[in-house]
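Go by the hints and put chain B onto chain A.
There are 2 protein chains.
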Amino acid sequence: YPVFPQPILYSYFRSSCSWRVRIALALKSIDYETIPINLIKDGGQQFSEEFQALNPMKQVPALKIDGITIAQSLAIIEYLEETRPTPRLLPQDPKKRAQVRMISDVITSGIQPLQNLSVLKQVGQENQLTWAQKAIRSGFNGESFPLQTHPTLFQVSMADLCLVPQVANAERFKVDLTPYPTISRINKTLMALEAFQVSHPCRQPDTPPELRA
Amino acid sequence: YPVFPQPILYSYFRSSCSWRVRIALALKSIDYETIPINLIKDGGQQFSEEFQALNPMKQVPALKIDGITIAQSLAIIEYLEETRPTPRLLPQDPKKRAQVRMISDVITSGIQPLQNLSVLKQVGQENQLTWAQKAIRSGFNGESFPLQTHPTLFQVSMADLCLVPQVANAERFKVDLTPYPTISRINKTLMALEAFQVSHPCRQPDTPPELRA
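Residue numbers (this note's numbering), protein chains in the order written: chain A, 363 to 575; chain B, 363 to 575.
Excised from the complex, chain A in its bound form (with noise of 0.2 angstroms):
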């Protein structure tokens, strides 16, 4: 079995899609190195030659492990699962699963999407936060469901990993957070953890010392 260097994070410190892999790598102990790839810098270095060949999408994150390079956050942490299951991220029951993975789709494809640096450029600048409030609000609204079990469901799973970048976008862009006290509550203790600490963009080291903390 060949032996491989460690893996390369390709990650914006700012990027929500990135800081869900880095919890899943701190939650899971795996050493790795950061490339860092600024998103805004140079017209994007996304759309550098060189990125492209390693992610055709141009986007952040992805991850190089085991001899292949996998793009898109959840294909990369249910990679992660299936070879390094410990501690684990989905549960074992198959329905638990799938309540874990609802709540993460909701997220990566109901929200997140929507509030993308390309599709607020499109947007356009006045229009931004009112464009992405409405996507974060929408989405969380409909998670009063599934997080209302959540604490319950299961200790940390991919779920969270999705759910606190979230919050701090819905900051970020100005979302009163008071009607939704569960998805509060839950944020505040995850962000507890150090896994979610020592991953948080503040802590990154493409982070500009002005945002530091």
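If you're looking for bench data, these hints aren't it; they were derived computationally from the structure.
Restricting the straight-line Cα-Cα distance to at most 16 angstroms, the calculated cross-link-like pairs of lysine to aspartate or glutamate (EDC-like) are:
1. 457/B - 428/A
2. 457/A - 428/B
3. 457/A - 444/B
4. 458/A - 444/B
5. 458/B - 444/A
6. 458/B - 428/A
7. 426/A - 393/A
8. 457/B - 443/A
9. 457/B - 444/A
10. 458/A - 428/B
11. 458/B - 443/A
12. 457/A - 443/B
13. 458/A - 443/B
14. 536/A - 488/A
Have a look at the derived ranges for each label pair, beta carbon to beta carbon:
15. 447/A - 414/B: 34 to 40 angstroms
16. 572/A - 553/B: 51 to 57 angstroms
17. 414/A - 480/B: 29 to 35 angstroms
18. 544/A - 446/B: 29 to 35 angstroms
19. 556/A - 540/B: 48 to 54 angstroms
20. 569/B - 495/A: 32 to 38 angstroms
21. 445/A - 495/B: 36 to 42 angstroms
22. 415/A - 571/B: 47 to 53 angstroms
23. 483/B - 448/A: 44 to 50 angstroms
24. 547/B - 556/A: 44 to 50 angstroms
25. 455/A - 489/B: 40 to 46 angstroms
26. 400/B - 429/A: 45 to 51 angstroms
Reference excerpt, derived from the structure (chain A facing chain B, CB under 8 angstroms, subset only):
27. 430
28. 437
29. 445
30. 464
31. 476
Beta carbons: idealized from backbone N, C-alpha and C, even for Gly.
Here is chain B on its own, set in the frame of chain A:
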């Protein structure tokens, strides 16, 4: 072990996310009942109190199965895969599974959300076509890498269940498919299979007579 009634799929004939699940059910020979949710009629039947109690995200598809209700197409397909593994829609090798999930995620979180009905409404009638075309082209371009290797990857996979409905949407939004010969070829091969035909929007219980084929 309790005996559950026949699964119920809440579906809209034209919804590409519903179509993904219909293909999975057909491939796995799972009998089910369809309850049509018309996303346009009555201001959108997905907004009814009755349906919201089932899926607070107010979206189709939702599948009632084994005593639970699952929303989000990929969560549903992964559940079917875990509980009804024949025929497999995911390869057994984790690296190949990652590739299938990556292609699936590119479509379900990179392309489709941007041409969702609710988003197109916000974008406005006059901009819809350009907006949707841009999202589809950008995704199809990026896919060239995984899709080039796709035919040798695995027989019929979850990625195919995402691809075929997305190609149909591309045609609906008048995207010229000439630049994507691999996608067109895979799509044509798949559309020859019965499971892709019986699940097609033109053959559903709620397909209007003038759109039947």
